[in-house]
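Colleague: What follows is the residue order along each chain.
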Amino acid sequence: MFTEPFMQRALLGALILAPLCALLGVFVTARRMAFFSDTVAHASLTGTAAAFLVGLTEPTPGMLVVSLLVAASIIWLREKSGLYHDTIMALLLTGSVAVGTVILSRLRGFKGELHRVLFGDVLAVGPTELWLAGGLLIIVVCGGAWFLSPLSLITTSEDLAHVSGISVRAYNYGFIFVLTLTVTVSIRLVGILLVGALLVIPPAAARLVSHNLRQEIWIAVLFGMIAGAGGVIFSYMADVPCGPAIVLVSIGLFLVSLVVGRLTSVSRGRQRSV
Amino acid sequence: MTAPPPPHPVVETRHLCVQLGGRRILDDICLTIAPGKLVALIGPNGAGKTTLLRTLLGLIPVQSGEFNLLGCSELRTALPSIGYVPQRLALGDGLALSVREFLALRRRKTRNWFWRSRQNLDLELPVIAEELGVRPLLDKSISSLSGGQLQRVLITFSLLDQPRLLFLDEPTEGVDAPGERTFYEIISDIHRSHGLTVVLVSHDLSMVHRHASWVIALNGRVCCEGAPDDIIREDALREAYGLHVTSYHHHHPPEPLPHPHPHSHSHDHNHPHVH
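Going down the list, the protein sequences come from chains A and B. Each residue of the first sequence is one higher than the one before, counting from 1 in the numbering used here. Each residue of the second sequence is one higher than the one before, counting from 1001 in the numbering used here.
Some hints could be false.
[Claimed, not checked] If you anchor each label on the Cβ, the simulated ranges turn out as follows:
id: 1; chain 1: B; residue 1: Q1063; chain 2: A; residue 2: F35; range: 27 to 37 Å
id: 2; chain 1: A; residue 1: V168; chain 2: B; residue 2: S1143; range: 41 to 51 Å
id: 3; chain 1: B; residue 1: Q1063; chain 2: A; residue 2: G252; range: 47 to 57 Å
id: 4; chain 1: B; residue 1: R1108; chain 2: A; residue 2: V141; range: 35 to 45 Å
id: 5; chain 1: B; residue 1: S1073; chain 2: A; residue 2: K80; range: 23 to 33 Å
id: 6; chain 1: B; residue 1: G1133; chain 2: A; residue 2: G95; range: 52 to 62 Å
id: 7; chain 1: B; residue 1: C1072; chain 2: A; residue 2: L107; range: 56 to 66 Å
id: 8; chain 1: A; residue 1: V141; chain 2: B; residue 2: Q1119; range: 41 to 51 Å
id: 9; chain 1: A; residue 1: S167; chain 2: B; residue 2: P1126; range: 20 to 30 Å
id: 10; chain 1: B; residue 1: R1076; chain 2: A; residue 2: I251; range: 37 to 47 Å
id: 11; chain 1: A; residue 1: R78; chain 2: B; residue 2: R1076; range: 48 to 58 Å
id: 12; chain 1: A; residue 1: P61; chain 2: B; residue 2: T1032; range: 55 to 65 Å
[Said to hold, decoys possible] Examples of chain A residues toward chain B, derived with CB under 10 Å:
id: 13; residue: A72
id: 14; residue: S73
id: 15; residue: L213
id: 16; residue: E216
Hints were generated in silico from the structure; no laboratory data involved. Note that CB positions come from ideal geometry on N, CA and C, so glycine has one too.
Only chain A is shown next, with the shape it has when bound in the complex (with noise of 0.2 Å):
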């Protein structure tokens, strides 16, 4: 199984691309922007589209561009517009499967290519992914050691993160630019349908037995790669999508922590009523 070139090349993305999302996975729900990460992914499908109407046989230049534009839209709306977050999104989202489908529709031959985005594809791991999923990476953990602590504290409260003197609008831009980057390379592991899941279960998951902002971390980490290697080698004996493989070994792993972290919670209630 592991001598196939697309198999190391799934596998390798799946033990850089799980861990990462969950990494950001942890700040993504914490401050509730799993909604904006599903709409990053969705505004991929016109990407893709994008990219094989000009002529592109790779689809991933066109949903990085897609997606950072959308990515800025949001931003831009809500500090113009006065609507709600959840508005702006829902119009984004849709407004971009709408685009994305009707030029896929007017395109021939690109059928399969619409169920590979939606659902993702070992086979769709290049070597292009590979490399900006080792670059997203590198810059997620040299920036790590910078920005934890101030993106921790932004995430807890921005007006002490203000007057902490952490320039708030600058991290939260620096942010949503490295997660929407991480989103659209991750889609072609999993899909756009299931990409969220990837950023929400396992921190989820870790979330429920851990008891320090460390332990939520490494644990997420860890989740995230087991999903994403458990993931690709069910997908491959089970001969079903990688994506949804990726996403049931998560959810496993959550119903895992559910149960851990109720019975560590009752035992520590135990201790603490003796």
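Got chain A sorted already, so can you dock chain B onto it with the hints?
Modeller: Same frame as chain A, but now just chain B:
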């Protein structure tokens, strides 16, 4: 021989006006706060006390007028030397952040907290954490704290890295009576020993009278300011609060203070109370 020039004010506002939701909250605020003072901002609900603090911290935009803090023309330059305890802060509970980690977030020294041991981080804790009873809370999640515990943690947070100016917005809300007395004693102590300037919003006129060195009565504008004895009087308060001010006589002696370094205070038992 010429007299030394007066010290540069720590807070200076010139004709400051602030509008929120189309309503003018602060009108033509002109204030000068000298270094080393413990200044109490008093006034009825909706008087703009919190708005004034948040404006000075850059959390609310100024409509007109100007201000500077610690003599810095740029607020960003002054912020690292300012501590702030907000009123009823709703901390995001999305992260499993412990109190120890929360206290490490602000300090440059502990910015790399993720890679440091708990014991190592605890060594960096200021004495104030001990005095405010925060040490037993260090392993607790910030989201599991009671209102009073959270307030004590926030006060400790505000005093990290020895600020020169401290803004406290009803800092003892949710703190029990002994905790409140301890807190005011500690703030008074720090203010005296470190020459820290404190600007405090409070409704507790008894505590204000006991600890403040200057009182500013606010009600959309500066109604009056002066020494506590001059301001915490029925006639002066009536201007700030309206007509609902009556005076009660306290006959009980001051209670012993639980603070490890108790200070003696002259206790005035004739403070007006506001209804």
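Colleague: Quick check on a hinted range of 52 to 62 Å for B:G1133 and A:G95, using CB atoms only.
Modeller: 54 Å, holds
Colleague: Taking the beta carbons of B:Q1063 and A:F35, is their distance inside 27 to 37 Å?
Modeller: At 34 Å between Cβs, range holds.
Colleague: May I ask you to test the interface hint for A:S73 with respect to chain B, counting a Cβ-Cβ separation under 10 Å as satisfied?
Modeller: At about 24 Å, which exceeds the 10 Å cut-off, the nearest Cβ of chain B leaves the hint on A:S73 violated.
Colleague: Quick check on a hinted range of 37 to 47 Å for B:R1076 and A:I251, using CB atoms only.
Modeller: Given about 45 Å between the Cβ atoms, the range holds.
Colleague: Confirm or reject the claim that B:S1073 and A:K80 have a C-beta distance inside 23 to 33 Å.
Modeller: 29 Å, holds
Colleague: Taking 41 to 51 Å as the stated bounds, is the beta-carbon spacing between A:V168 and B:S1143 within them?
Modeller: Violated - the Cβ-Cβ distance for A:V168 and B:S1143, about 21 Å, lies outside 41 to 51 Å.
Colleague: For the hint on A:E216, just tell me whether its beta-carbon gets within less than 10 Å of chain B.
Modeller: Cβ of A:E216 sits 4 Å from chain B, so the hint holds.
Colleague: Would you say the C-beta atoms of A:V141 and B:Q1119 sit inside 41 to 51 Å of each other?
Modeller: Because 26 Å falls outside the window, the suggested range is violated.
Colleague: The hint says 35 to 45 Å between B:R1108 and A:V141; measuring C-beta to C-beta, is that right?
Modeller: 21 Å, violated
Colleague: Given a hinted range of 48 to 58 Å, is it respected by the beta-carbon distance of A:R78 and B:R1076?
Modeller: With a Cβ separation near 24 Å, A:R78 and B:R1076 fall outside 48 to 58 Å, so the hint is violated.
Colleague: Does A:A72 hold up as a contact with chain B if the rule is Cβ-Cβ below 10 Å?
Modeller: The hint is violated - A:A72 has no Cβ within 10 Å of chain B, the shortest such distance being about 23 Å.
Colleague: For the hint on A:L213, does the least C-beta distance to chain B fall short of 10 Å?
Modeller: 5 Å, holds
Violated hints, listed in ascending order, are 2, 4, 8, 11, 13 and 14; each of the other numbered hints is respected by the structure.
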